[in-house]
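Engineer: Okay, here's what each chain looks like letter by letter:
There are 2 protein chains.
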Amino acid sequence: MPGTGTTMQLVTELQTILAEERVTANDTLLAQHSSDESYHTAHLPDIVVFPETAEEIRAVINCADAYDVPVTPYGYGSSLEASVIPQQGGIVVDFANMDKILNVRENDFLVTVQPGVTRSQLEKELKKYGLFFPVDPGADATLGGMAATNASGTTSVKYGIMRDNVRDLEVVTADGSIIHTGNLAAKSSSGYHLNGLFVGSEGTLGCFSELTLQVTGIPEHILAGRAEFTSVDDAVNAVIAIMQSGIPVARVELVDEEAITQMNLYSETDYPEVPTLFLELHGNEAGLQQDVQFMENIVTDMNCRQVEFETDTAGRNKLWEARHNAAYAFIHNHPGRKQMVTDVCVPISELAGAIKDARTAISDSGLPGGIVGHVGDGNYHILLMLNPDDPDAIERADMLNERIVSYALERGGTCTGEHGVGTGKRKYQEREHGEALRVMRSIKQALDPHDRLNPGKVIE
Amino acid sequence: MPGTGTTMQLVTELQTILAEERVTANDTLLAQHSSDESYHTAHLPDIVVFPETAEEIRAVINCADAYDVPVTPYGYGSSLEASVIPQQGGIVVDFANMDKILNVRENDFLVTVQPGVTRSQLEKELKKYGLFFPVDPGADATLGGMAATNASGTTSVKYGIMRDNVRDLEVVTADGSIIHTGNLAAKSSSGYHLNGLFVGSEGTLGCFSELTLQVTGIPEHILAGRAEFTSVDDAVNAVIAIMQSGIPVARVELVDEEAITQMNLYSETDYPEVPTLFLELHGNEAGLQQDVQFMENIVTDMNCRQVEFETDTAGRNKLWEARHNAAYAFIHNHPGRKQMVTDVCVPISELAGAIKDARTAISDSGLPGGIVGHVGDGNYHILLMLNPDDPDAIERADMLNERIVSYALERGGTCTGEHGVGTGKRKYQEREHGEALRVMRSIKQALDPHDRLNPGKVIE
Numbered sequence: 001m002p003g004t005g006t007t008m009q010l011v012t013e014l015q016t017i018l019a020e021e022r023v024t025a026n027d028t029l030l031a032q033h034s035s036d037e038s039y040h041t042a043h044l045p046d047i048v049v050f051p052e053t054a055e056e057i058r059a060v061i062n063c064a065d066a067y068d069v070p071v072t073p074y075g076y077g078s079s080l081e082a083s084v085i086p087q088q089g090g091i092v093v094d095f096a097n098m099d100k101i102l103n104v105r106e107n108d109f110l111v112t113v114q115p116g117v118t119r120s121q122l123e124k125e126l127k128k129y130g131l132f133f134p135v136d137p138g139a140d141a142t143l144g145g146m147a148a149t150n151a152s153g154t155t156s157v158k159y160g161i162m163r164d165n166v167r168d169l170e171v172v173t174a175d176g177s178i179i180h181t182g183n184l185a186a187k188s189s190s191g192y193h194l195n196g197l198f199v200g201s202e203g204t205l206g207c208f209s210e211l212t213l214q215v216t217g218i219p220e221h222i223l224a225g226r227a228e229f230t231s232v233d234d235a236v237n238a239v240i241a242i243m244q245s246g247i248p249v250a251r252v253e254l255v256d257e258e259a260i261t262q263m264n265l266y267s268e269t270d271y272p273e274v275p276t277l278f279l280e281l282h283g284n285e286a287g288l289q290q291d292v293q294f295m296e297n298i299v300t301d302m303n304c305r306q307v308e309f310e311t312d313t314a315g316r317n318k319l320w321e322a323r324h325n326a327a328y329a330f331i332h333n334h335p336g337r338k339q340m341v342t343d344v345c346v347p348i349s350e351l352a353g354a355i356k357d358a359r360t361a362i363s364d365s366g367l368p369g370g371i372v373g374h375v376g377d378g379n380y381h382i383l384l385m386l387n388p389d390d391p392d393a394i395e396r397a398d399m400l401n402e403r404i405v406s407y408a409l410e411r412g413g414t415c416t417g418e419h420g421v422g423t424g425k426r427k428y429q430e431r432e433h434g435e436a437l438r439v440m441r442s443i444k445q446a447l448d449p450h451d452r453l454n455p456g457k458v459i460e
Numbered sequence: 001m002p003g004t005g006t007t008m009q010l011v012t013e014l015q016t017i018l019a020e021e022r023v024t025a026n027d028t029l030l031a032q033h034s035s036d037e038s039y040h041t042a043h044l045p046d047i048v049v050f051p052e053t054a055e056e057i058r059a060v061i062n063c064a065d066a067y068d069v070p071v072t073p074y075g076y077g078s079s080l081e082a083s084v085i086p087q088q089g090g091i092v093v094d095f096a097n098m099d100k101i102l103n104v105r106e107n108d109f110l111v112t113v114q115p116g117v118t119r120s121q122l123e124k125e126l127k128k129y130g131l132f133f134p135v136d137p138g139a140d141a142t143l144g145g146m147a148a149t150n151a152s153g154t155t156s157v158k159y160g161i162m163r164d165n166v167r168d169l170e171v172v173t174a175d176g177s178i179i180h181t182g183n184l185a186a187k188s189s190s191g192y193h194l195n196g197l198f199v200g201s202e203g204t205l206g207c208f209s210e211l212t213l214q215v216t217g218i219p220e221h222i223l224a225g226r227a228e229f230t231s232v233d234d235a236v237n238a239v240i241a242i243m244q245s246g247i248p249v250a251r252v253e254l255v256d257e258e259a260i261t262q263m264n265l266y267s268e269t270d271y272p273e274v275p276t277l278f279l280e281l282h283g284n285e286a287g288l289q290q291d292v293q294f295m296e297n298i299v300t301d302m303n304c305r306q307v308e309f310e311t312d313t314a315g316r317n318k319l320w321e322a323r324h325n326a327a328y329a330f331i332h333n334h335p336g337r338k339q340m341v342t343d344v345c346v347p348i349s350e351l352a353g354a355i356k357d358a359r360t361a362i363s364d365s366g367l368p369g370g371i372v373g374h375v376g377d378g379n380y381h382i383l384l385m386l387n388p389d390d391p392d393a394i395e396r397a398d399m400l401n402e403r404i405v406s407y408a409l410e411r412g413g414t415c416t417g418e419h420g421v422g423t424g425k426r427k428y429q430e431r432e433h434g435e436a437l438r439v440m441r442s443i444k445q446a447l448d449p450h451d452r453l454n455p456g457k458v459i460e
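Sequence order for the protein chains is A and B. All residue numbers for the first sequence refer to the UniProt record's numbering, where the first residue is 1 and numbers rise by one. All residue numbers for the second sequence refer to the UniProt record's numbering, where the first residue is 1 and numbers rise by one.
Read the hints as simulated data drawn from the structure, not as lab findings. There's no promise every hint is true.
[What the hints assert, rightly or not] Calculated cross-link-like contacts (lysine-lysine; reagent style DSSO-like; alpha-carbon spacing at most 27 Å):
1) A/128 to B/158
2) A/158 to B/128
3) B/124 to B/318
4) A/124 to A/158
5) A/124 to A/318
6) A/127 to A/318
7) B/128 to A/100
8) A/127 to B/127
9) A/158 to A/128
10) A/158 to B/318
[Stated by the list, open to error] Some chain A residues near chain B, calculated using beta-carbon distances under 8 Å:
11) 177
12) 289
13) 348
14) 387
[Unchecked claim] What the simulated footprint calls covered on chain A by chain B, stretch by stretch (three residues with Cβ under 8 Å from a Cβ of chain B suffice, anywhere in the stretch; the number is not a length):
15) 56-64
16) 394-407
Cβ coordinates follow ideal geometry from the N, Cα and C atoms, glycine included.
Isolated chain A (complex conformation) (with noise of 0.2 Å):
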């Protein structure tokens, strides 16, 4: 962390080369760019810039490297592990005024957008097109930092993550070099998959200054609903029965009893509060009559109480929004505590065993919490309400994730599907990636050598 003197020459500066109302050390918005929505620990960066291009991203980074300090790139500050906290101060760069949909290529399912592009936003223009994003994971983060974690979530056992969906990255580098990580083509052979690389380096690579991601045409045919079980077990082993016959399910989302209860009262539905797979098909008419009857089929065979399709777009969107909002219905409903969500990912095979032993941990650990989770993929969380001024809470929290992540870790599966390892993660990445984080850290010092960029995080 420079001194205060320092960091005043330094927000001159890069004024000058940015603007003056674009580069800030005001308490406020030092504050703002400080934290996510975890509970990990805050730390104050020394200065926030809001570039408007990728040759203004180069100049603050030629800038942090002239003063020695970091540079942590910032999208919507919805990362779960840290991702984004500038634990050793320096420079934020936050990308809203990079919000700007650059070009729509209807005929090749391709999208252009500036980093800051909310993916909101850009489901609203796409729709004009008739098209869609198919990577949802809830909250309205930045598609930079969507690409910058890997995110997914309840499209993705359909229509993959984000890793999928980027067909090409405009990155400035460490050394200041702006480079495209990729091409406008369905497929490649060509050269080293810096596409696939710097997706999921959570900044610590490059800043992402432009992406180009693949898009789909909204479905001929949706339908959605919910299936009710007695029991989770039951649930979970509905969903490998589902999954295991080869119904291409667009959605499969495991809700608890608990996190039905919450959502019940965040989102005013009136769910039976009971375990339940929340469901979505996408196809032609006929496909889907016919994979609805198979799926019925298989959830009666487990002892499904009842399902409910939804038979309009309200019901639907209803439904969606509040298993989105499941996370936030158990902040809104545990003021003053703040939240840790586990991010495990196990091969299916695995999934009944985890989860009972997810239910055992929740109530071991004697904190309130649920599970909801993109089980088609193998992926759950656990939501934990916890006091962040409670030591013994946190360190409740703290062996429950351990509990969680070694079961994972043992059967095969990662510490985190789509969240990202930020700080929060780091401490399992030895034991995930053995020999091939050695790998990892060479390439991190290969391209990154002064260790500019985020760090800290990921790799230690």
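Let chain A serve as the given structure and place chain B on it in line with the hints.
Structural biologist: Then chain B, alone, in the frame of chain A:
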């Protein structure tokens, strides 16, 4: 290249580590490992080894280090861009003895194989479980080779490319580490995406010793057929319309009239010698019927003269066998000539122009040739036959390739959709990747500082 004395010393040393019969400098075996299936110039290795474990591969790399000779991995030899040709001599690592299917995790849709397992061998085994591996490059390549070049093929329009279907790789790196690049979970945001980086690295970053692949259930219903057109333009416009309609085609292949002629000669089919689309749809029965009807309407609008669906498995198999043998048909029907295959991929909106230009390019070259391609992805091949001893023919083929690649790159495409870079596409890397090529070089330098692994391929 080491002297003969040193080579014999190295052979002896390797024989004590592996086994006498699995290390050879036998002339016939050296010759067999000097070329691929393309027109690229052959080059003899000094030694060929047949390891059986990751530890043996590590020992081979350590020996190569001690003697300062390069190591080139070799699968089935079906490369088309010299990826497996040991152009600087040294040791070729042939994976023929690493041909075991290690584990089928039926319920997780995962299979773990050694790198020398061939596509047809895997297909046969998976069939027992009602599963299939959905990357189908035509050649009966090894899975290790397919991952090394990021192969794809006829079904990638629906099921993705190798990179999409590799869940984990065990890799022996240049420093002798044995790492895992992924895990068994369906998705992960943990650490840098080494899976994606190593897939497509063509043996320049490590030797694969094990692959865990995502497999798929054999579809409930499959319908394959041919749509015949009077002009290539109409056929291409039909493809574009099909893709833009959102019909989830599983295969959509263009075969031009020249390719159909060669195919009929070689495969004893009697398909009308007109521009044709080979199509396939996967799904449930009702959905498929509706898709077929929709597709028939689309192709009819595009002046399709006839659509013929195969009603039984035998007819379907014959159709795809003929399509797969298209390249071999040209080779068989032009004795003494070698084949040069282009491999660009363009955004689908550029496909019609690209194919038009490709047809002019063939005619301008004065060489016999035709077009086939995975046109749903915007990927197509010119199959050009040339006399490898005729410098003029080689020059004309190179000029054609240059023209085709330039056309694609100027329109946001790639110089290689699925064959890889090897040395054949190396000269286009700077033009395609620009400054990003420096980033790729840094990665190669960081992971293989002595340029031990397949030197000269992908990155110069």
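Engineer: So which of those numbered hints doesn't the model satisfy?
Structural biologist: Of the numbered hints, 7, 8, 10, 14, 15, 16 do not hold.
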